[in-house]
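Enquirer: Given chain A, put chain B in place with the hints provided.
Residue numbers (the numbering used here), protein chains in the order written: chain A, 1 to 108; chain B, 1 to 114.
Hints listed in this document are in silico derivations from the structure and should not be mistaken for laboratory results.
In silico DSS-like links for lysine-lysine, alpha-carbon gap of 27 Å or less:
| no. | chain 1 | residue 1 | chain 2 | residue 2 |
| --- | --- | --- | --- | --- |
| 1 | B | Lys98 | A | Lys26 |
| 2 | A | Lys69 | B | Lys98 |
| 3 | A | Lys70 | B | Lys98 |
In case you want the letters, here they are:
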Amino acid sequence: SQQGEEDPQALSIQEGENATMNCSYKTSINNLQWYRQNSGRGLVHLILIRSNEREKHSGRLRVTLDTSKKSSSLLITASRAADTASYFCASTGNQFYFGTGTSLTVIP
Amino acid sequence: DVKVTQSSRYLVKRTGEKVFLECVQDMDHENMFWYRQDPGLGLRLIYFSYDVKMKEKGDIPEGYSVSREKKERFSLILESASTNQTSMYLCASSLEIKGNSPLHFGNGTRLTVT
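Pulled out of the complex, with its shape left as it was, chain A reads as follows (with noise of 0.2 Å):
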């Protein structure tokens, strides 16, 4: 399978704190997304961050991304209960390849 992994599955904080995820992937990529998924619908892009590049910025979200390692993080800062959701990395090449999520609660 060429599909990537979030680590960890699950994530429960609390309203405020920050929420790190983290993604590795197999194959070599021309770039990187993140998607959200609210229960039940269907995915939302958040950021996109290419292969030449090591860190991006939208509003609250920081992705940083290391080639040599294969592996991508996404941290959420000051994190609302509406962010509540799952969250997935998806490696591009030929194709978009989907890691298995991460599953985000942010208690009230």
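Expert: Coordinates of chain B only, in the frame set by chain A:
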């Protein structure tokens, strides 16, 4: 904003039935995709299409076929539904191939085969 619309949110079908899942996008995207999502397995690519009447197999095409007669519409067909095809099906479209632009997803169709 790109809108990807899947025709049904929930479907219940019987084993052996032929099932059509429809997907329409409104942003003139060349590329369209069908995934299925199962707990613990993430998203797995069934088929994708990079142009009208073109299709490519993904990782798990067995038991499925697709149709792309118009640019905006990509249909997934279960020729003879089986219980192991009970799943969430997600359609997506993108402007560029090979992941150089984001995927835009529909809200999914939860299919139950009894």
